[in-house]
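Asks: Spelled out, the chains give:
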Amino acid sequence: MTSFEVHVTIENKPGISDPEGETILNDLVLKGAYKTVSKIMTAKMLKFTVQEKDQRAAQSLIQEVCDELRIYNPVVSKVSFDVLKA
Amino acid sequence: MKVGVVVFPGSNCDRDMYHVLKDVFKTDTKYYWHEKPLPKNIDAIILPGGFSYGDRLRAGAIAANSPVIKDVQKMADKGIPILGVCNGFQILVESGLLPGVLLKNRSLNFMCRWTNLVVENNKTPFSNQFEIGQKIPIPIANGEGRYYADDETLQKLKKYNQIVFRYVESVNGSSNRIAGVCNEDGNVVGMMPHPERAVEYEINPTDNNASTLIFESMLTKMGVYN
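Residue numbers (the working numbering), protein chains in the order written: chain V, 72 to 157; chain F, 620 to 845.
It is worth saying that the hints were derived from the structure and are not from the lab.
Warning: the hint list may mix true and false statements.
Per label pair, the in silico range of CB-to-CB distance [said to hold, decoys possible]:
id : chain 1 : residue 1 : chain 2 : residue 2 : range
1  : V       : Glu135    : F       : His638    : 49 to 55 angstroms
2  : F       : Lys777    : V       : Leu99     : 35 to 41 angstroms
3  : F       : Glu821    : V       : Tyr105    : 41 to 47 angstroms
4  : V       : Ala157    : F       : Lys645    : 58 to 64 angstroms
Beta carbons: idealized from backbone N, C-alpha and C, even for Gly.
Please put together the full structure from these sequences, using the hints given.
Replies: Okay, here's the thing in structure tokens:
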């Protein structure tokens with residue numbers, strides 16, 4: 072078994088407003104010298120450390136955890152996974 | 620006739636709710652800890668407001684996996700009246716007992732203020748003593764109170780008359796100004812505002828009658844009132 076770190080990023084689905092991202096964009100970034108930035112979206116990331124036989128098994132287990140325990144709310148959020156060797 | 624107030628770690632409106640049921644409406648009321656099974660002879664269940672598990676992950680998300688929720692689900696299936704207030708409403712949507720989701724308020728602020736509701740459905744166990752269109756002055760106190768449902772769900776909510784209360788004015792960016800919804804059968808109701816903070820003259824001297832009707836509706840449904 073190998074130790075993997077699975078990074079789970081939870082972000083809003085398209086069309087769900089993100090007032091925190093909008094505020095960072097409009098009231099901080101665009102007020103400075105960074106006029107080429109057009110969008111900022113906030114997200115939450117959870118880092119799971121898990122022992123599994125390979126990367127695929129690690130991702131599949133964490134995907135199951137996220138779906139079964141509603142780590143993200145599928146009504147408004149989507150998740151993506153990045154698996155690294157811990 | 621017995622009403623159960625479910626207590627989660629971090630509930631903080633449980634005692635207000637208990638006081639109102641016991642002392643104002645003279646109802647046999649008991650607290651039920653979320654890890655214990657609910658008895659079968661319960662006539663209504665209330666999930667009170669607060670910050671279960673400190674709102675970690677998302678408001679209501681961890682409490683939605685508490686052991687008591689399976690019993691709440693069984694009682695919902697039997698048609699027993701269930702009311703979720705504020706965090707209780709968040710737990711009901713996170714557990715799938717009610718549609719939609721509650722997001723951070725559009726302002727990103729915790730909002731603690733009086734609002735006005737308008738009654739849209741007077742067939743539920745918590746709204747049967749109202750006229751359609753009746754106004755309810757009532758306080759809100761939440762950070763994640765912006766009700767959101769996608770267009771398809773909103774169409775369904777309208778079709779099955781599941782929108783129970785709306786805000787008169789947009790206060791937090793909720794879809795269609797929704798403040799409270801019910802399930803398709805109508806026996807499970809969730810609302811963000813706090814009726815337990817509005818029924819007594821001492822804290823609501825201008826109009827405490829409207830919020831009183833929410834509890835009187837429940838007692839009417841339970842057969843305590845005629």
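Asks: Next step is simple, just say for each hint if it's right about the structure.
Replies: Comparing the hints with the structure gives:
1. Range check, Glu135 (chain V) to His638 (chain F): Cβ separation about 43 angstroms, and the 49 to 55 angstroms hint is violated.
2. At roughly 39 angstroms, the beta carbons of Lys777 (chain F) and Leu99 (chain V) sit within the given window of 35 to 41 angstroms.
3. Taking the beta carbon of each, Glu821 (chain F) and Tyr105 (chain V) are about 54 angstroms apart, not inside 41 to 47 angstroms as hinted.
4. In this structure the supplied range 58 to 64 angstroms holds for Ala157 (chain V) paired with Lys645 (chain F), their Cβ-Cβ distance being about 60 angstroms.
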